[in-house]
Every structure is written in structure tokens, then in C-alpha cells.
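Undergrad: Assemble the complex: chain A is given as a structure, and chain B must be docked to it using the hints.
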Amino acid sequence: GESVGLHLPTLSVQEGDNSIINCAYSNSASDYFIWYKQESGKGPQFIIDIRSNMDKRQGQRVTVLLNKTVKHLSLQIAATQPGDSAVYFCAENKNDYKLSFGAGTTVTVRA
Amino acid sequence: DTAVSQTPKYLVTQMGNDKSIKCEQNLGHDTMYWYKQDSKKFLKIMFSYNNKELIINETVPNRFSPKSPDKAHLNLHINSLELGDSAVYFCASSGGSKGYTFGSGTRLTVV
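Line by line, the protein sequences give chains A and B. If you read the first sequence in the numbering used here, its first letter stands for residue 1, the second for the next number, and so on. If you read the second sequence in the numbering used here, its first letter stands for residue 112, the second for the next number, and so on.
If we strip away everything but chain A, and leave its shape as in the complex, we get (with noise of 0.2 Å):
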């Protein structure tokens, strides 16, 4: 499952898929990108970060994708599982102190 082209607020996927989020930030200063998890009645929990002076970077079963020529993040998570169902937010940062907040996303997914 894909959130296509700017942000959509909602993603719905089937388990085992791969699930992309994407997210466009607004600050062509920033220079440190942030995923986070949000699960229900919980804080951010942060997922993987990338800096600026790099195109793509991997961890567990999660890539995430800068371009900043459009200056657009994107999320993707392999094989997705129910856990994963959360809502996920980019963050952008320029290293003054303020880590700005895009609109999240809420993922689901189906059994």
C-alpha cells in the first residue's frame, strides 16, 4: 500500500505487504529528517532518521527515502505486520532547536 503524491491521511494494508508513507516537508533548511510511530495512547516513538547530506537509509524491515531536489521523505516498511498499525509522522529539523511536525498518517492493517 502506497500513500500517494503529498500526504494522505490514511493507509490501509494487507498484512504482509509493503507499505509506503510519504511526506512532503517545507523547509528547504532542514537538514535532519525523523520518522516516528504514534500507537494509541502512546508518545512518538522515533523509527529511523536520515540526515541531509544522504539519499536513503535502512534499518529493520524500514527504508526511508529523501529527495530534496522536491524536498520529499518517504517511509517504507517490509512486510508489513498488525504492530505496524499506527499513526506515523515525519519530522524536519534544522537544527534550531524545533522539530516541526508534518500531518500524520494512519496506517492499518488488515488480517
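Please note that a few of the clues may not be correct.
To be verified - Straight-line alpha carbon distances no greater than 30 Å define the calculated BS3-like cross-link-like pairs of lysine-lysine that follow:
(1) A/Lys42 / B/Lys130
(2) A/Lys98 / B/Lys178
(3) B/Lys152 / B/Lys120
(4) B/Lys182 / B/Lys147
(5) B/Lys178 / A/Lys94
(6) B/Lys151 / A/Lys68
(7) B/Lys147 / A/Lys68
(8) B/Lys133 / A/Lys98
In case anyone wonders, no lab produced these hints; they're calculated from the structure.
TA: Coordinates of chain B only, in the frame set by chain A:
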């Protein structure tokens, strides 16, 4: 051990009251924050403190007064509560390489 802990988790109060939310972090981070999350899940920074010094105040009404007695604590006091203050308030800290660490939130309901 909870890294960033905030109390209370739930707070229900009447309009016009004054209330406080407390936050403590045991990560040794130098910088702490308060974020407000509205009903649409949008996260917006309110305040940032670095080593007990206020460095960001994002045009928050002066009914909101943060206080940092030491770099491990950042409390939020709210005077004359209004209906529009109802939200989830998150405390966070930073100083390491993994972005910000968030607390589990305080759900404030003003009736």
C-alpha cells in the same frame, strides 16, 4: 526505567482553573520540550528549554508558563484554563543521536 515521564496521564478540570503538568527525563539530555497535539493529531511545539534556559516560545498564550528547575525537569503550568486548551500535551527531550524522546502524554480535558 521510563526515559521521559510526565504526570498526570489524564487531567479533567473546569474552565478557569489553574493546573500543572510535570515532566522528568533520566536520559541526561540538555534540551526539553513541550508539544501540543490537537484532536487531528497535529503536533506543534510550544516551548523548548536548553540547560534550564528558555530558547523557543512559539507564540503560546502567556497563560502557559513553563518552568525548568533543573535540566532533568520541565513543568508546564496553565492558568485560567479554556475549552480550547483541551488536547494531549507531550513532553520530550533531546541530546543524543536518536532524535527526540517523548513521554506518553497528558490528556487534558477542560469542561
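Undergrad: All hints, please: hold or fail.
TA: Hint-by-hint comparison with the structure:
For the hint pairing lysine 42 of chain A with lysine 130 of chain B, the CA-to-CA distance comes to about 22 Å; that is within 30 Å, so the pair holds. Distance hint between lysine 98 of chain A and lysine 178 of chain B is fulfilled; the C-alpha atoms sit about 18 Å from each other, no more than 30 Å. As the CA atoms of lysine 152 of chain B and lysine 120 of chain B are separated by approximately 17 Å, the hinted pair is consistent with the 30 Å bound. Simply put, lysine 182 of chain B and lysine 147 of chain B have alpha-carbon atoms about 21 Å apart, close enough for the 30 Å limit, and the pair holds.
Of the pairs offered as hints, the one joining lysine 178 of chain B and lysine 94 of chain A holds, with about 25 Å between alpha carbons and a cut-off of 30 Å not exceeded. For the given pair, lysine 151 of chain B sits about 27 Å from lysine 68 of chain A by alpha-carbon distance, which is consistent with the 30 Å threshold. Using a Cα cut-off of 30 Å, the hinted pair lysine 147 of chain B and lysine 68 of chain A holds, with the two alpha carbons roughly 28 Å apart. A C-alpha spacing of about 21 Å is found between lysine 133 of chain B and lysine 98 of chain A, which places the hinted pair at or below 30 Å, so the restraint holds.
Checked against the numbered hints given earlier, the structure satisfies every one of them.
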